[in-house]
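K.L.:
Protein chains in written order, with my numbering: chain A, 391 to 848; chain B, 521 to 919.
Worth flagging that the hints you see were computed from the coordinates, not collected in a lab. The C-beta atom is built at its ideal place from N, Cα and C for all residues, glycine as well. Check each hint, because a few of them may be wrong.
As the list claims (entries may be wrong) - Straight-line Cα separation of at most 25 Å, PhoX-like style, residue types lysine-lysine; simulated pairs:
hint, chain 1, residue 1, chain 2, residue 2
1, A, LYS429, A, LYS751
2, B, LYS543, A, LYS775
3, A, LYS574, A, LYS813
4, A, LYS751, A, LYS775
5, A, LYS429, B, LYS898
6, A, LYS775, A, LYS813
As the list claims (entries may be wrong) - A few chain A positions that, by computed beta-carbon distances, are all more than 12 Å from chain B:
hint, residue
7, GLY462
8, GLY464
9, THR645
10, ARG689
11, PRO724
12, ASP747
13, ARG830
As the list claims (entries may be wrong) - One side only, chain A facing chain B, incomplete, derived with CB under 10 Å:
hint, residue
14, TYR527
15, ILE831
16, ALA834
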Amino acid sequence: MLDPKIVAELESVVGEQFVLTTPEDLIAYSYDATFTSAKPDLIVLPANTQQVSEVLKVANREIIPVVTRGMGSGLAAGSIPFGGGIVLALTRMDRLLEIDRDNMMATAEAGIIASELADAVAREGYLYPPDPTSDSYSTLGGNIACNAGGARCLKYGITGHYVMALEVVLADGRIMRLGGKATKNVTGYDLVHLIVGSEGTLAVVTEATVRFIAAPETERMAQAFFPKLVDAGRAINAVLASGANPSMIEIMDETAIRSVEEFLHMGLPLDIEAILLIQTDGDEADATRGIEIAAEICRQNGATEVQVAATPQERKDMWLARGSISGSLGRIRPNKLGEDVTVPHSAIPEMIARIKDISAKHDLPIVIFGHAGDGNLHPNILFDKRDPEESHRVEAAVGDLFRASVEMGGSLSGEHGVGVLKKPYLELALGPIAVEMQKRIKQAWDPNNILNPGKIFD
Amino acid sequence: MSSNSVKTSDRTVSQVAEELYLKCIRCGKCLSVCPVYRETRIETMSPRGKVALYRAIGEADLEISEIYANKFYTCLMCEACREVCPSGVELDVILSRSRADLAHSGLLPLLLQQLSTVIVNAGNISDEDNVQRLGWTENMASRPVGLDYSGQVEMTYFVGCVSSLFPASYRIPQSLVGILEKAGVNYALLGGEERCCGYPLLLNGESERALEMARHNVEAVRATGAPQVVMSCPSCYHMWTHTYPEMLGDDALAGIDILHETEMLAELARAGRLRFKPWPATVTYHDSCDLGRKSGIFEAPREVLRAIPELELVEMADHHGHSLCCGGGGNLETYNRELAQALPARRLRQAQDAGASTIVVSCQQCKRTLAGAARREKMRIRVTDLAEVVAEQLEEPHA
Chain A
391 MLDPKIVAEL ESVVGEQFVL TTPEDLIAYS YDATFTSAKP DLIVLPANTQ
441 QVSEVLKVAN REIIPVVTRG MGSGLAAGSI PFGGGIVLAL TRMDRLLEID
491 RDNMMATAEA GIIASELADA VAREGYLYPP DPTSDSYSTL GGNIACNAGG
541 ARCLKYGITG HYVMALEVVL ADGRIMRLGG KATKNVTGYD LVHLIVGSEG
591 TLAVVTEATV RFIAAPETER MAQAFFPKLV DAGRAINAVL ASGANPSMIE
641 IMDETAIRSV EEFLHMGLPL DIEAILLIQT DGDEADATRG IEIAAEICRQ
691 NGATEVQVAA TPQERKDMWL ARGSISGSLG RIRPNKLGED VTVPHSAIPE
741 MIARIKDISA KHDLPIVIFG HAGDGNLHPN ILFDKRDPEE SHRVEAAVGD
791 LFRASVEMGG SLSGEHGVGV LKKPYLELAL GPIAVEMQKR IKQAWDPNNI
841 LNPGKIFD
Chain B
521 MSSNSVKTSD RTVSQVAEEL YLKCIRCGKC LSVCPVYRET RIETMSPRGK
571 VALYRAIGEA DLEISEIYAN KFYTCLMCEA CREVCPSGVE LDVILSRSRA
621 DLAHSGLLPL LLQQLSTVIV NAGNISDEDN VQRLGWTENM ASRPVGLDYS
671 GQVEMTYFVG CVSSLFPASY RIPQSLVGIL EKAGVNYALL GGEERCCGYP
721 LLLNGESERA LEMARHNVEA VRATGAPQVV MSCPSCYHMW THTYPEMLGD
771 DALAGIDILH ETEMLAELAR AGRLRFKPWP ATVTYHDSCD LGRKSGIFEA
821 PREVLRAIPE LELVEMADHH GHSLCCGGGG NLETYNRELA QALPARRLRQ
871 AQDAGASTIV VSCQQCKRTL AGAARREKMR IRVTDLAEVV AEQLEEPHA
């Protein structure tokens, strides 16, 4: 419990109704999209950057942990307040501030829902490419804090590639602007991209300017049914090498197919091991040629059927299945641990095989789906955390997954972040020197260790 | 207290079913569609938050209280969350069970207790003498034939409280009886014998009180001898088709065919009993929660609109099963008027974004809510009920 005087001080900053302290509120702000939870002491919902600054001044003076949060859809337990303290929820700061057509950049407050920003850009006829599956239930600030990816990353890159400028509040409450609209800027360290992906441990992002691009004239999508998962893995590499230039290649294994079919009843075949979902874009001729090349390659690599969507609605329906997998897994077991290891393209088939081996070794269902084209596989371990023996096996399986990825030159996390769930493996991936240098950066930015303490590393 | 109840302090909670909450993997997808969350942006008000609270009761981490009640009654019961949930969490069951627990524990909020008392005493939602239900017939050019029915009638028209008692909605029943008469349907009106269908009581969590309403209304409809009953209110329709059979048993409604106005109009149009004048307009259709998502009627109203020459039907961003609630559901308007009034503007903007100049509804509550918001927000869009559209576009019957 926080000292009532501090609570009153926070109430005077944001208004009484925006400091939440009831048992109900503490429960509602205790979780994200992982299986873990921990209650904060209270929740503060600021309306603007100035209020964020005042809240941080209080927290820094009193040495109270501050866990910044958007919509709580994180998959690494990065926004869970394990040490209690203040949850700083930025969801009320959701204004779109500017769409600058001359510079092709948009500026918004951190709490804007990511898809609302993308939709606003699309209404102007442009494309904001980052498209995490959670984009309609995650915020721009959260996307930046975790450097979120998405399906289109294969061709267009991740959130960080689009961030031009940030307004951040430092641990001591000072407000700082970083970056700008100039497209080339090497004046000093690239602090914008130090903050991107820092998971709320260095500063609080309150506003961001992101660039957008010309929207492709059209898109094409196909889904290919593979009786053998390994064939699908090989087809991915063949498509990547072919010049089809896909904007996304997504994979669903048989468990994912079955789980999502149970939810949507789309008539997906249940007797195959994998579906690849491939999208191309560009002008009419490019997109069409690309999807035809990809379809042919899938057939040559063992696909028994390839369906090309004829209409935008058919594309939407195809994508709906992929976009619903993660949530639908709750139908199989009550808990899931969704990892996002990413390996180099060349290692995709082998990583798929290794995941299946790990699944068998630890006797745990591991579902594979996700952005296979960029090597960002989403092995999701399904379990019941109420069973301690099974939870132990999950831990062992996770260790094996990470070791396999690192051995193949891959990363622990492609897009979810480290949070606390991957913390034990950080040194395995980065080595002791890199971890030590990161800790020194943290020390310089947040000497009292109030900003999301205990995340990424201790 | 029933045997399958647990006691938390002095309050009773029906057995919290683990299988209901364990399915929630907290992905957060429901936040993207919840009108209350989108307005408040507070997790405790979200569907995922409510599941977490329900779970906390089950795990003895929380006791039900006035605060708990505030969260569960701050909800439109629109079920958009259930529709979008990939994991299949039965949010409708969690939300309605929680309200029932609250009502049984004496935690029904005061404003909703008052609503309940009014309905039970007056037989309607607005505390009028129930004979005033015929107020909508008074300024009509001719007295509706259905008031003086005799002999064998084809259909009973169950008007519903909002259409009967809110002057702004009078044109809906006026239009519908006009259509019935032009189409030559022999129908009956119940007048003061019609009572509230009980839906607001069910939403409160008071199913026992709703049962009394159900018994009375079924008897009143049986007394007309008509094999069909038509409703222009989707909430009445949903009660009659889903809740009445659950409460009274399937046999209680044997021999009564229940129709919503949209189904009846589609049937009449299909049978060639309605002929329309052209209406050159861009129109969108708003699926109400009770008729669309909860009852599965999506095509009948669209079929009628497509039968009108020169009308262009466009869809809003959220439509069919994913339709966005107008803000008029769940008794929220009674419980938290300010919040309920903040919700419909988003829907009207969707209609405008779709390029529509008119938004057609088939629910008098949606009409009230959306039309009220259009006035307050000074938005240039017309809100009208399908029955009104049909009545206006109807050609005189050919001799």
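K.L.:
Does each hint hold? Answer for all of them.
P.N.:
Okay, the hints, checked on the actual structure:
1. Straight-line distance between C-alpha atoms of LYS429 of chain A and LYS751 of chain A comes to about 35 Å, which puts the hinted pair past the 25 Å bound.
2. With a C-alpha separation of about 13 Å, the suggested pair LYS543 of chain B and LYS775 of chain A falls inside the 25 Å cut-off, and the hint holds.
3. Restraint check: the Cα-Cα separation between LYS574 of chain A and LYS813 of chain A comes to about 34 Å, which exceeds 25 Å; the hinted pair is violated.
4. Distance check on the hinted pair: LYS751 of chain A and LYS775 of chain A sit about 19 Å apart at the alpha-carbon level, within 25 Å; holds.
5. At most 25 Å may separate the alpha-carbon atoms for a hinted pair to count; LYS429 of chain A and LYS898 of chain B exceed this at roughly 43 Å.
6. In summary, the hint linking LYS775 of chain A to LYS813 of chain A is supported, as the alpha carbons are separated by about 19 Å, within the 25 Å threshold.
7. Under the 12 Å C-beta cut-off, the non-interface status given to GLY462 of chain A relative to chain B is violated; the minimum distance is some 6 Å.
8. With a minimum CB-CB distance of about 9 Å to chain B, GLY464 of chain A fails to clear the 12 Å threshold, and the non-interface call is violated.
9. The Cβ of THR645 of chain A lies farther than 12 Å from every Cβ of chain B, with a closest approach of about 14 Å, so its non-interface assignment holds.
10. Its beta-carbon lying about 31 Å from the closest one in chain B, ARG689 of chain A satisfies the requirement of being farther than 12 Å from that chain.
11. Under the 12 Å C-beta cut-off, the non-interface status given to PRO724 of chain A relative to chain B is violated; the minimum distance is some 4 Å.
12. Here ASP747 of chain A stays apart from chain B, with its beta-carbon at least about 26 Å from theirs, past the 12 Å limit.
13. Non-interface status of ARG830 of chain A relative to chain B is upheld: no Cβ of that chain comes within 12 Å, the nearest being about 34 Å off.
14. Hint on TYR527 of chain A holds. Least Cβ distance to chain B is approximately 4 Å, under the 10 Å limit.
15. This hint is violated: ILE831 of chain A has a C-beta 30 Å from the nearest C-beta of chain B, more than the 10 Å allowed.
16. This hint is violated: ALA834 of chain A has a C-beta 33 Å from the nearest C-beta of chain B, more than the 10 Å allowed.
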